[in-house]
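Protein chains: 2
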Amino acid sequence: MKVIVIGATGTIGRAIVQAIGNRHEVIPASFGRSAIKVDIADKASVTKMFETTGRVDAVISAAGLAKFGPMTSLTDADFALGLNNKLMGQVNVVRLGIDHINDNGSITLTSGILSRRPMKGSTAISLVNSALEGFGRAAALEMPRGIRINVISPNWVTDTLKAFNMDPSIGTLVEAVAQAYVRALEGTMNGEVLDAIK
Amino acid sequence: MKVIVIGATGTIGRAIVQAIGNRHEVIPASFGRSAIKVDIADKASVTKMFETTGRVDAVISAAGLAKFGPMTSLTDADFALGLNNKLMGQVNVVRLGIDHINDNGSITLTSGILSRRPMKGSTAISLVNSALEGFGRAAALEMPRGIRINVISPNWVTDTLKAFNMDPSIGTLVEAVAQAYVRALEGTMNGEVLDAIK
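First to last, the sequence lines map onto chains W and L. Using this note's numbering, you'd call the opening residue of the first sequence number 1 and step up by one each time. Using this note's numbering, you'd call the opening residue of the second sequence number 1 and step up by one each time.
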């Protein structure tokens, strides 16, 4: 399969590329550090990416920005970042990508554990992650030509917890998170939210 | 308690006002047909509403627009309607309302069953409803002064199904839906998503 991985240079994206290995042809894309550059918040950029890659069998998105911080400190712009970037950026990858994906292909998006296990400071992110999961469940009912869509809702990645000086023992190894994307890519599930906890 | 009901003239809002009855002081607000007019998509309008009402003990929102239709037919503006109106409109009722709500008061928002039981044509609405539920769960962790927040995720209302020529037998009577709002108003739950199915 020919598989675009958006966010290929991020913590999870790198692990996805590694987990796919040589079994499929990976086309890495990212905001700044891949040969194919894409800003998911910009529809024209997403369209250009698909024009560059040509038709593919699958798109995996492990990209998207949203703002963490106390609800009373979050500005309109902070909420808009999550809505325009992580949420509608990924929704637009679906809307614009469908016509560039082969029959029986797949799209895999990324939400995150804060959808169902919020914490103080997560209002804008929990909102976006939950929205992606609701969108994915609904979009699965309308995908044409056997194309599947799933949402990976990863637990905290161990390395991320370490970077934030949080307890890494509650996390999941990024290699295990990446396997959830591989399962969505190579499996038959549709409209599922995979929590990537093995 | 002094309770603002936003969307007081809608199908569910009317039933909420009726269910509250004379046990509390209801202040009806709506886009066009109440003494207090409010456009939840307009922050200035929400602020003006709270300035008009003065401090209250509770705010119930049963308002918000989002677009139903096939995903491939939905425009950017259709998605934006749900994001700006039903989603951020209600989120902004919380953000702007907190300072106008008395200690140990409550906020109750409205999502809907399409968050967890999508149907063809519901992508934009499922997205918004799920987002509201994720936001509510997270916001509950940060509400000050004992203020509670809950989200009612009503099943289809029987009358709505009839109006859409759908099978009314899968629906819930609006009186039963309204009771979920009363439970959220008078109960002690916080951060819950109530499905309003009795």
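There may be inaccurate statements among the hints.
Rough simulated footprint, nothing fancy, chain L against chain W, three-plus residues with beta-carbon under 8 Å [to be verified]:
#1 82-91
#2 108-121
#3 127-136
#4 147-154
Hints in this document: simulated from the structure, not taken from any laboratory. Where a beta carbon is used, it is the ideal one built from N, C-alpha and C, also for glycine.
Now the hints, each set against the structure:
no. : hint    : in the structure
1   : 82-91   : holds (count 4)
2   : 108-121 : holds (count 7)
3   : 127-136 : holds (count 9)
4   : 147-154 : violated (count 0)
When each numbered hint is compared with the structure, a violation occurs for hint 4 only.
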